[in-house]
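Assemble the whole structure, with the sequences as input and the hints as a guide.
Each residue of the sequence shown is one higher than the last, beginning at 1 in UniProt numbering.
Note that these hints are calculated values from the structure, not bench results.
Hints may be right or wrong, so weigh each one.
Said to hold, decoys possible - Straight-line distance between alpha carbons at most 27 Å, and here's what the computed DSS-like set of lysine-lysine pairs gives:
| hint | residue 1 | residue 2 |
| --- | --- | --- |
| 1 | Lys157 | Lys89 |
| 2 | Lys89 | Lys148 |
| 3 | Lys78 | Lys121 |
| 4 | Lys63 | Lys157 |
| 5 | Lys227 | Lys263 |
| 6 | Lys153 | Lys89 |
| 7 | Lys97 | Lys164 |
| 8 | Lys63 | Lys187 |
| 9 | Lys164 | Lys227 |
| 10 | Lys164 | Lys263 |
| 11 | Lys316 | Lys263 |
| 12 | Lys164 | Lys153 |
| 13 | Lys97 | Lys148 |
| 14 | Lys263 | Lys148 |
| 15 | Lys187 | Lys153 |
| 16 | Lys148 | Lys164 |
| 17 | Lys121 | Lys63 |
| 18 | Lys63 | Lys89 |
| 19 | Lys187 | Lys164 |
| 20 | Lys153 | Lys97 |
| 21 | Lys121 | Lys263 |
| 22 | Lys89 | Lys164 |
| 23 | Lys157 | Lys97 |
| 24 | Lys263 | Lys187 |
| 25 | Lys157 | Lys263 |
| 26 | Lys187 | Lys78 |
| 27 | Lys63 | Lys164 |
| 28 | Lys153 | Lys63 |
Stated by the list, open to error - Have a look at the derived ranges for each label pair, beta carbon to beta carbon:
| hint | residue 1 | residue 2 | range |
| --- | --- | --- | --- |
| 29 | Phe317 | Thr268 | 33 to 39 Å |
| 30 | Asp176 | Ala53 | 34 to 40 Å |
| 31 | Thr240 | Tyr119 | 20 to 26 Å |
| 32 | Gly79 | Ala183 | 46 to 52 Å |
| 33 | Gln158 | Glu102 | 19 to 25 Å |
| 34 | Ala183 | Val161 | 33 to 39 Å |
In this text, a Cβ means the ideal position worked out from N, Cα and C, and glycines have one as well.
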Amino acid sequence: MLFFVGLIPNSLLQAQAPSPSAQIAAQQDSIEFAFLPAIAYDSDLGVIAGGIASRYHYRGDMKPFYSFLNMYGLITTKGLISVFVEYDKPHIFGSDKRFYTETFVSRFTGNQYYGIGNYGKLPDALKDSSDYYFYNSFSLGFDIMLRKPWLQKASGKQLDVYGKAVFEYETPWGNDDAQLLVADQPKGINGSHISALGGGVVWEGRNNEFNPTTGTYARAGAEIGSKLIASSYNYLLLETDTRAYTSFTLLREITFANRLSFKHTSGTVPYWKMPALGGGDMMRGYPEYRFRDDNSVLLNSELRTWLFEIPSITSKFGVSLFTDIGRTFPNGESVDTIVNDLKYTYGFGITASFFTEDFILRTDVGFSEEEYGIYVTAGYLF
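What follows is the structure, encoded as structure tokens:
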């Protein structure tokens, strides 16, 4: 069912950076190119075909690299056509600041909308409909971020501050009254865009960014959209992302990984910008965007271990068990109501590592009370 020519990384082809060992070894000025064609599968997207082109520039002892450029294009059997470009430049203009930008364009004939605040189990008759919860959309956007170290420790742990500017646009097209999106008429139904400024802090204390087994990571930030900077709406977005990793030995080394994330919005927010849960990046086993509302809270927990390795081809193979617990909720909801109506999913994963410990292929199978999902991607979820 699944055949990898190259890879489809996590969050729709977001390429992994080179391993720390490769970064340290690259002491001289060098440029490396990579192109990876790929085929993969996702329950929400179908069969995915695409390719990544990446350019790594190393210079002296600059870490993790002098610059990184990544581009991908993909097409799926469920109607997504997307192009994404990102550029990452540490030490921009010889300073200690790190510059990052990304741009995307997407056309999707299978986007999903299940309503806002729809927490009941989907009726089977509608769940199996090919049209009711789906719609056509076109979207584009870009994000610019500037990050500066605030506190650095000899151990390599670091606290950064960042500022960012965001522009996003989405418009539904070619939809009719037989679809829930048209029947609901949420904010943004006629096409809208957001322009926003934001900032926050990032704590990096993991032993490895791509294959962490110990340490912590945390990010907290705010984003403000305003008509004063040409946004369709005035809104506030607050978000946090906290991760912790610990390892223990029970026959073999096992990593216990946890991520707790929270999002809050207020003001006037288009439906496509609202916090949402579901899909391979959030709640595995529910369809993508299954739950939307003013706020979201989510706990992902995983047990990860490697079972065996094949030194002759520099590879190893492992498994994982996971559960995702969370929900979306409106502003003003009581804590009791939130806790008493949490949504749960659970599942297992199969992992494989080739060439370097940081290059990980992952297949997750998640189960919810409504259905199951299969997600083939690269890199751990968090």
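Now the hints, each set against the structure:
1. Straight-line distance between C-alpha atoms of Lys157 and Lys89 comes to about 20 Å, which keeps the hinted pair within the 27 Å bound.
2. Among the hinted pairs, Lys89 with Lys148 is consistent with the structure: their alpha-carbon atoms are about 12 Å apart, no more than 27 Å.
3. Straight-line distance between C-alpha atoms of Lys78 and Lys121 comes to about 23 Å, which keeps the hinted pair within the 27 Å bound.
4. With a C-alpha separation of about 14 Å, the suggested pair Lys63 and Lys157 falls inside the 27 Å cut-off, and the hint holds.
5. Among the hinted pairs, Lys227 with Lys263 is consistent with the structure: their alpha-carbon atoms are about 22 Å apart, no more than 27 Å.
6. Distance check on the hinted pair: Lys153 and Lys89 sit about 22 Å apart at the alpha-carbon level, within 27 Å; holds.
7. In summary, the hint linking Lys97 to Lys164 is supported, as the alpha carbons are separated by about 13 Å, within the 27 Å threshold.
8. Restraint check: the Cα-Cα separation between Lys63 and Lys187 comes to about 44 Å, which exceeds 27 Å; the hinted pair is violated.
9. Distance check on the hinted pair: Lys164 and Lys227 sit about 17 Å apart at the alpha-carbon level, within 27 Å; holds.
10. Taking the CA atoms of Lys164 and Lys263, the gap is about 17 Å. The hint holds against a cut of 27 Å.
11. Between Lys316 and Lys263 the alpha-carbon distance is near 36 Å, which puts this suggested pair outside the 27 Å criterion.
12. At roughly 25 Å between alpha-carbon atoms, Lys164 and Lys153 fall within 27 Å of each other, so this suggested pair holds.
13. A threshold of 27 Å between alpha carbons decides the hint, and for Lys97 with Lys148 the separation of about 5 Å falls inside it, so the pair holds.
14. For a cut-off of 27 Å, the pair hint linking Lys263 to Lys148 stands: about 24 Å separates their Cα positions.
15. A threshold of 27 Å between alpha carbons decides the hint, and for Lys187 with Lys153 the separation of about 46 Å lies outside it, so the pair is violated.
16. Distance hint between Lys148 and Lys164 is fulfilled; the C-alpha atoms sit about 12 Å from each other, no more than 27 Å.
17. With a CA separation close to 48 Å, the supplied pair Lys121 and Lys63 exceeds the 27 Å bound.
18. Restraint check for Lys63 and Lys89: satisfied, since their Cα atoms lie roughly 10 Å apart, inside the 27 Å limit.
19. Annotation: proposed proximity of Lys187 to Lys164 holds, straight-line Cα distance about 25 Å (limit 27 Å).
20. For the given pair, Lys153 sits about 17 Å from Lys97 by alpha-carbon distance, which is consistent with the 27 Å threshold.
21. Proposed proximity of Lys121 and Lys263 is supported: the alpha carbons are some 23 Å apart, at most 27 Å.
22. Restraint check for Lys89 and Lys164: satisfied, since their Cα atoms lie roughly 15 Å apart, inside the 27 Å limit.
23. For the hint linking Lys157 to Lys97, the alpha-carbon distance of about 16 Å falls within 27 Å, and the restraint holds.
24. At roughly 19 Å between alpha-carbon atoms, Lys263 and Lys187 fall within 27 Å of each other, so this suggested pair holds.
25. Of the supplied pair hints, the one linking Lys157 and Lys263 holds, its CA atoms being roughly 25 Å apart against a limit of 27 Å.
26. Between Lys187 and Lys78 the alpha-carbon distance is near 25 Å, which keeps this suggested pair within the 27 Å criterion.
27. Taken as a hint, the Lys63 and Lys164 pair is honoured in the structure, with Cα atoms around 22 Å apart against an allowance of 27 Å.
28. With a CA separation close to 15 Å, the supplied pair Lys153 and Lys63 stays within the 27 Å bound.
29. Between Phe317 and Thr268 the Cβ separation comes to about 49 Å, which falls outside the hinted range of 33 to 39 Å.
30. As the Cβ distance of Asp176 to Ala53 is approximately 38 Å, the hint placing it in 34 to 40 Å holds.
31. For the pair Thr240 and Tyr119, the supplied restraint of 20 to 26 Å holds, since their beta-carbon distance comes to about 23 Å.
32. Between Gly79 and Ala183 the beta carbon distance is about 21 Å. The supplied range of 46 to 52 Å is therefore violated.
33. Between Gln158 and Glu102, the C-beta spacing of about 22 Å keeps the proposed range 19 to 25 Å intact.
34. A beta carbon spacing of about 44 Å between Ala183 and Val161 contradicts the range 33 to 39 Å that was offered as a hint.
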